[in-house]
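Asks: Sequence:
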Amino acid sequence: MRVELLDQEQPDRTGEEEIKRGVLFTTLEKMLNWARSSSLWPATFGLACCAIEMMATAASRFDLARFGAEVFRASPRQADLMIVSGRVSKKMAPVLRRIYDQMPEPKWVIAMGACASCGGIFNDYAIVQGVDKIVPVDVYVPGCPPRPEQLIHGIMLLQQKIAKERHRPEDLVHLPWRRQGA
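Residue numbers (this note's numbering): 50 to 231.
To be clear, the hints were calculated from the coordinates, so they are not data collected in a lab. Take these hints with a grain of salt, some might be off.
As the list claims (entries may be wrong) - Here are the computed lysine-lysine pairs in the DSS-like style, where the Cα-Cα straight-line distance is at most 25 Å:
#1 Lys156 with Lys69
#2 Lys140 with Lys79
#3 Lys79 with Lys69
#4 Lys139 with Lys156
#5 Lys156 with Lys213
#6 Lys182 with Lys156
#7 Lys156 with Lys140
#8 Lys210 with Lys182
#9 Lys182 with Lys79
#10 Lys182 with Lys139
#11 Lys156 with Lys79
#12 Lys213 with Lys79
Make the full structure from the sequences, and use the hints.
Replies: Rendered as structure tokens:
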């Protein structure tokens, strides 16, 4: 067994040499953000024609799996990204909010299409004029319906936003013996 001693005589290693040895220098926060942004678990909430484009995005031609959002979840308890695509009626608004509340933290929302973003062409008493009146929206994807490339771009923008998030130090490390509020 060979043990290297850290003393003044040992030459400094460059970052490139450390990477070749398999050593990675980063902060816990950056590593956590990278993991979260690279493994999004979307919950589908397709209500209209935008849902067809969302399904096309996950298919083999556009391959959403390349960006870490491979499997669309049917259960909100297994998802951290909600993609709202299509118009939301006022009767559907409480259901949307309930699904959002059932998602575990951290969670993000993408409003896909003109209807989800601002009500679209349906300026009607029964249609919510923008999903941001019900849940907080992180990224808006414009279009009627938006192309799959636009949804992929929206997911990439969300990944960039997640990569820049700041965390409290106590949220980064889970210490099971530490009680809440102590």
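Asks: Each hint needs a verdict: does it hold in this structure or not?
Replies: Verification of the supplied hints:
1. Lys156 with Lys69: Given pair lysine 156, lysine 69 is violated - Cα atoms ~35 Å apart, limit 25 Å.
2. Lys140 with Lys79: violated (41 Å)
3. Lys79 with Lys69: OK: lysine 79 and lysine 69 at ~20 Å, within 25 Å.
4. Lys139 with Lys156: holds (23 Å)
5. Lys156 with Lys213: Since the Cα atoms of lysine 156 and lysine 213 sit roughly 15 Å apart, the hinted pair holds (cutoff 25 Å).
6. Lys182 with Lys156: holds (17 Å)
7. Lys156 with Lys140: holds (23 Å)
8. Lys210 with Lys182: holds (21 Å)
9. Lys182 with Lys79: violated (31 Å)
10. Lys182 with Lys139: holds (11 Å)
11. Lys156 with Lys79: holds (18 Å)
12. Lys213 with Lys79: Holds, at roughly 8 Å.
Hints 1, 2 and 9 from the earlier list are contradicted by this structure; the remaining hints agree with it.
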